[in-house]
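Assembly of the complex is requested from the two constituent chains, each provided in isolation within its own frame, with the hints serving as guidance.
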Amino acid sequence: MKLDIAVYRYNPDVDTKPYMKDYTLEVAEGTDMMVLDMLLLLKEQDSSLTFRRSCREGVCGSDGVNMNGKNGLACITPISTFKGKKIEIRPLPGMPVIRDLVVDLTQFYTQYEKIKPYLINDEKAPAREHLQSPAERKHLDGLYECIMCACCSTACPSFWWNPDKFIGPSGLLHAYRFLIDSRDTATEERLSELDDAYSVFRCHGIMNCVDVCPKGLNPTKAIGHIKSMLLKRAV
Amino acid sequence: MVTNAASLGRSGVHDFILIRASAIVLACYTIFMVGFIACNSPLTYDVWHNLFSALPMQVFTLLTLIAVLVHAWIGVWQVLTDYVKNVAVRGALQFVFVMAAFSYLAAGILIVWGV
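Same order as they appear, the protein sequences are chains A and B.
Residue numbering for the first sequence follows my numbering, starting at 1 and increasing by one per position.
Residue numbering for the second sequence follows my numbering, starting at 1 and increasing by one per position.
The following block holds chain B by itself, in its conformation from the complex (with noise of 0.2 Å):
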């Protein structure tokens, strides 16, 4: 068996799970978002605004953001593991995107918990 400790997951079965779910998760946002600015024009400041006031919204936004970390996690080690060869150039670059995610993460429950 191979090991790794940069990835997200404990093993392969386990980043397999987290990123499909997550996928899920951000496919079902995506419908969502598409379907409720097509079926609400014209998009007016109130209405943007009661949609990210409802707390299932709000959770829901939140659920997708996480989401986007877990898939962002996984995703950018798998492409950086084939395509960085240097050890320390790798291990920066990782260590860059995840703390992007997270920040990403972090300005989005400010956001959105903040309307």
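Just chain A, same shape as in the assembly (with noise of 0.2 Å):
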């Protein structure tokens, strides 16, 4: 079976501008593999191919990339998701490249600071521990799970256009985690910083975010639990 894939290609020391270089590759009749394996053979062929992966296994987020047009993990994506058709491998959309598929992420962990991810308690510590009750901590479902592998945000058009103000998908999925966490006591606080034009309301729901997440967790849900929280404080 041979196997045509495409793959962004892009060295600033050397190229003057991005290009998508063919590769084939045979491989037996009937074999399926994840992309990441893959784009490891490809690297047989072609040593100077650059990406990230590290666990392989969808739990460090490492290998995002975007595979025939759509976000995912290299590593738990089989290439018979592509039906045998041409399988184009590209960076992580709208975060500047720098080597082939690796981009830069500084804007996304930027946001991620910026909601403070982190418990926040100024009460009197307790002797042992903060304590929660198997209710509490099942509010907490679906939204602890991310693995920060960013295919939400660089898939959000509006993280596209406003990276540096947007909180983007992820962000806000962990935002909303610290909110509801009945040990934190900064909700208040929280509140007060995501309530600006785009923190939070640049989100305007189409869900792509949604439709990429390779954990499928909810972050427009999230988002519009943020909204109600600021609507209800507001009014």
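In case anyone wonders, no lab produced these hints; they're calculated from the structure.
Possibly wrong hints are sitting among the right ones.
[Said to hold, decoys possible] The following residues of chain A were derived to be distant from chain B, with all beta-carbon distances above 12 Å:
#: 1; residue: D15
#: 2; residue: K17
#: 3; residue: Y23
#: 4; residue: G30
#: 5; residue: D46
#: 6; residue: V102
#: 7; residue: P117
#: 8; residue: K124
#: 9; residue: D184
#: 10; residue: A234
[What the hints assert, rightly or not] Residues of chain B clear of chain A, computed beta-carbon distances all greater than 12 Å:
#: 11; residue: T30
#: 12; residue: V47
#: 13; residue: V79
#: 14; residue: G91
#: 15; residue: Y104
#: 16; residue: I109
[To be verified] When the alpha-carbon atoms are kept at most 30 Å apart in a straight line, the in silico DSSO-like pairs for lysine-lysine are as follows:
#: 17; chain 1: B; residue 1: K85; chain 2: A; residue 2: K43
#: 18; chain 1: A; residue 1: K43; chain 2: A; residue 2: K215
#: 19; chain 1: A; residue 1: K116; chain 2: B; residue 2: K85
#: 20; chain 1: B; residue 1: K85; chain 2: A; residue 2: K124
Note that CB positions come from ideal geometry on N, CA and C, so glycine has one too.
Right, dumping it as structure tokens:
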């Protein structure tokens, strides 16, 4: 079986502009493999091909790429997804490219930092630990699982246009996780930081984030909850 | 928090409320007008004149013109801040759009209250 593949290539030290390079891979008939394995085989052909990867099992979030127009993790996306069509691999859209499939995620992490992704509790510290009831803990399901692969934020047009002002779906999912944590006492301060025309309200609910999230999370729903909290606080 | 002075609302929530409230007014006006035109066939000058001579219709129309101004101001500001990155060009474009929206409002007031 012959796989037709095109990979985005750009080495700023050598290339004047990015280009798509075609590769062909011979594999046994009926073979399925993950896109990451395919990229590793391509790297054996062409050692200059550059991409990030680490855990190779959808846990670390390092190998987020754009595959045939849709963001996802290369390590958990089988090539059978593309049904024999030519496979086009590009870097996550909207981010500055460092080299080939490696993008600069500084803006993504800056937005994450803004939401203060840690518990803030100004009450007297308990003797052992802050306890949560099973019901309170359950509120965090669907929020804490984000691995920050950036597939969602880089699929979001609002983040493409305003990466310096809009927190983005991933950051807002984390923001909601801390807003509803029963142990956190900074809800008011957190909401005040988000109550501008960009941070949250640039989300127009197109749900690209939900469509691409490799962990099956729903940032749009979390953003809707944040908007409701801001609205209840204001009226 | 990101600050901005060019949008109509004082905060994200304020913009959010204004844009939805104005959308409700615009939707009501559109539904009413479509229904009125559908139910009054043939639509003669007298029917049209009588409709806009009534005070409630004049107030409703004025309210709708204000809703257009509010909705367009916030909507255009959002589109411009997405796509026009040069601050001077964006400021100039927004000035032109907002002035046009105010002109429509002024013209609408004169027309509706001149019936």
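Exercise for the section: Sort out whether K85/B lies within 30 Å of K116/A, counting only the CA atoms. Expected result: Holds - the C-alpha atoms of K85/B and K116/A are around 28 Å apart, at most 30 Å.
Exercise for the section: Measuring Cβ to Cβ, find out whether Y104/B lies farther than 12 Å from everything in chain A. Expected result: Holds, since 24 Å exceeds 12 Å.
Handout entry: D184/A remote from chain B - nearest C-beta pair above 12 Å
Key = Answer for D184/A: holds, closest chain B Cβ roughly 19 Å.
Handout entry: K43/A paired with K215/A [C-alpha distance capped at 30 Å]
Key = holds (27 Å)
Practice task
Classify the label on Y23/A as holds or violated, using whether its beta-carbon is more than 12 Å from each beta-carbon of chain B.
Solution key: Its Cβ never comes within 12 Å of chain B, the nearest being 36 Å, so this holds.
Exercise for the section: Report holds if the minimum CB distance from T30/B to chain A is greater than 12 Å, and violated otherwise. Expected result: Answer for T30/B: holds, closest chain A Cβ roughly 21 Å.
Exercise for the section: Quick one: work out the minimum CB distance from V102/A to chain B and report holds if it exceeds 12 Å, violated otherwise. Expected result: V102/A is indeed farther than 12 Å from all Cβ atoms of chain B, at 25 Å.
Exercise for the section: Run the C-beta distances from I109/B to all of chain A and say if the shortest one exceeds 12 Å. Expected result: Fine: 29 Å to the nearest Cβ keeps I109/B off the interface.
Problem - Assertion that G91/B lies outside the chain A interface [Cβ separation over 12 Å] - result: holds (16 Å)
Problem - Claimed clearance of chain B by A234/A, with the beta carbon kept past 12 Å - result: violated (4 Å)
Practice task
Compute the least Cβ-Cβ separation between K17/A and chain B, then decide whether it is above 12 Å.
Solution key: holds (21 Å)
Exercise for the section: Confirm or reject the statement that P117/A sits farther than 12 Å, beta carbon to beta carbon, from all of chain B. Expected result: For P117/A, whose nearest Cβ neighbour in chain B is about 17 Å away, the distance exceeds 12 Å, so it holds.
Of the hints listed earlier, those the structure fails to meet are numbers 10, 13, 17, 20, in rising order.
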